[in-house]
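Participant: Respectively, the protein sequence lines represent chains F and Z. Heads up: the first sequence at position 62 corresponds to 62 in our numbering, and the numbers run straight through without jumps. Heads up: the second sequence at position 29 corresponds to 29 in our numbering, and the numbers run straight through without jumps.
Careful: at least some of the hints might be erroneous.
[Claimed, not checked] Heads up, simulated DMTMM-like pairs for lysine to aspartate or glutamate below, C-alpha to C-alpha not over 20 Å straight-line: (1) F:Lys77 <-> F:Glu15; (2) F:Lys77 <-> F:Asp99; (3) F:Lys58 <-> Z:Asp102; (4) F:Lys22 <-> F:Asp54; (5) F:Lys49 <-> Z:Glu95; (6) Z:Lys14 <-> Z:Asp26; (7) F:Lys69 <-> F:Asp9; (8) Z:Lys57 <-> Z:Asp38; (9) Z:Lys57 <-> F:Asp99; (10) Z:Lys57 <-> Z:Asp26; (11) F:Lys49 <-> Z:Asp102; (12) F:Lys77 <-> F:Glu66.
[Claimed, not checked] According to the in silico footprint, chain Z covers these stretches of chain F (three or more CB under 8 Å from chain Z): (13) 82–89; (14) 93–99; (15) 103–111.
In case anyone wonders, no lab produced these hints; they're calculated from the structure. Glycine included, C-beta positions come from ideal geometry on N, C-alpha and C.
If you want the building blocks of each chain, they are given just below.
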Amino acid sequence: AQSVAQPEDQVNVAEGNPLTVKCTYSVSGNPYLFWYVQYPNRGLQFLLKYITGDNLVKGSYGFEAEFNKSQTSFHLKKPSALVSDSALYFCAVRAGPGDMRFGAGTRLTVKP
Amino acid sequence: NAGVTQTPKFQVLKTGQSMTLQCAQDMNHNSMYWYRQDPGMGLRLIYYSASEGTTDKGEVPNGYNVSRLNKREFSLRLESAAPSQTSVYFCASSERPYSLTDTQYFGPGTRLTVL
Numbered sequence: 001a002q003s004v005a006q007p008e009d010q011v012n013v014a015e016g017n018p019l020t021v022k023c024t025y026s027v028s029g030n031p032y033l034f035w036y037v038q039y040p041n042r043g044l045q046f047l048l049k050y051i052t053g054d055n056l057v058k059g060s061y062g063f064e065a066e067f068n069k070s071q072t073s074f075h076l077k078k079p080s081a082l083v084s085d086s087a088l089y090f091c092a093v094r095a096g097p098g099d100m101r102f103g104a105g106t107r108l109t110v111k112p
Numbered sequence: 001n002a003g004v005t006q007t008p009k010f011q012v013l014k015t016g017q018s019m020t021l022q023c024a025q026d027m028n029h030n031s032m033y034w035y036r037q038d039p040g041m042g043l044r045l046i047y048y049s050a051s052e053g054t055t056d057k058g059e060v061p062n063g064y065n066v067s068r069l070n071k072r073e074f075s076l077r078l079e080s081a082a083p084s085q086t087s088v089y090f091c092a093s094s095e096r097p098y099s100l101t102d103t104q105y106f107g108p109g110t111r112l113t114v115l
């Protein structure tokens with residue numbers, strides 16, 4: 001079955017430091033991977049996606065993600081974290097035409 | 001351009017009551033989805049509609065029904081609410097039917113409590 005795992009419930013970083021939010025996936029066939037962010041009491045906002053091609057995907061708000069087929073990973077990264085990046089981050093894999101499987105989420109806290 | 005809108009924002013029900021959650025999108029998207037979000041579990045798909053006139057079950061459809069009223073609107077109905085349906089419900093839409101690569105765009109959510 002298609003699935004994603006986010007091994008860290010919580011990630012803490014200092015403002016200005018690089019951040020990484022981890023995601024691993026399990027799919028049969030081509031992986032279509034997505035990252036979303038959720039701010040308190042809001043819906044999910046799309047950050048970026050990997051469909052095919054370049055393994056480094058650039059997205060919104062300075063985020064990027066690295067697709068690694070051999071490690072079945074799709075980690076979200078940002079070179080310099082902002083306090084305003086503090087939120088809940090979800091990795092997701094498209095499992096079928098009407099099916100998106102989400103990870104449990106990682107809460108990112110950026111401290112001043 | 002409001003994107004995806006949901007009503008109501010909050011709702012409290014008693015066990016056994018019924019209610020309908022409304023969702024509308026103004027992006028001329030073909031596909032629409034209903035998810036529920038529970039702590040520590042991410043989002044799980046309840047039902048989806050690949051295009052106007054079609055609906056299909058997702059991962060957790062029991063206790064719910066849906067109606068694709070037209071291309072813009074997709075409603076979720078709880079016929080007899082149970083405490084296990086306490087959750088935050090999100091509607092989403094995407095452009096092309098049956099596409100695996102299209103981005104899904106989410107509404108702001110409805111927080112439902114069943115007592």
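Participant: Would you mind marking each hint as holding or not holding in the structure?
Facilitator: Taking the hints in turn, this is what the structure says about them:
1. F:Lys77 <-> F:Glu15: Distance of about 14 Å is within 20 Å: holds.
2. F:Lys77 <-> F:Asp99: 25 Å, violated
3. F:Lys58 <-> Z:Asp102: With a Cα-Cα distance of about 16 Å, the restraint between Lys58 (chain F) and Asp102 (chain Z) holds, given a limit of 20 Å.
4. F:Lys22 <-> F:Asp54: The hint holds at about 19 Å.
5. F:Lys49 <-> Z:Glu95: 15 Å, holds
6. Z:Lys14 <-> Z:Asp26: 32 Å, violated
7. F:Lys69 <-> F:Asp9: 23 Å, violated
8. Z:Lys57 <-> Z:Asp38: 19 Å, holds
9. Z:Lys57 <-> F:Asp99: Roughly 10 Å separates the two Cα atoms, so the pair holds.
10. Z:Lys57 <-> Z:Asp26: 24 Å, violated
11. F:Lys49 <-> Z:Asp102: Roughly 9 Å between the alpha carbons, so the hint for Lys49 (chain F) and Asp102 (chain Z) holds.
12. F:Lys77 <-> F:Glu66: 8 Å, holds
13. 82–89: Contact hint for the region 82–89 of chain F vs chain Z: violated, 0 residues under 8 Å.
14. 93–99: holds (count 5)
15. 103–111: Satisfied; 3 residues make the cut.
Of the numbered hints listed earlier, those contradicted by the structure are 2, 6, 7, 10 and 13.
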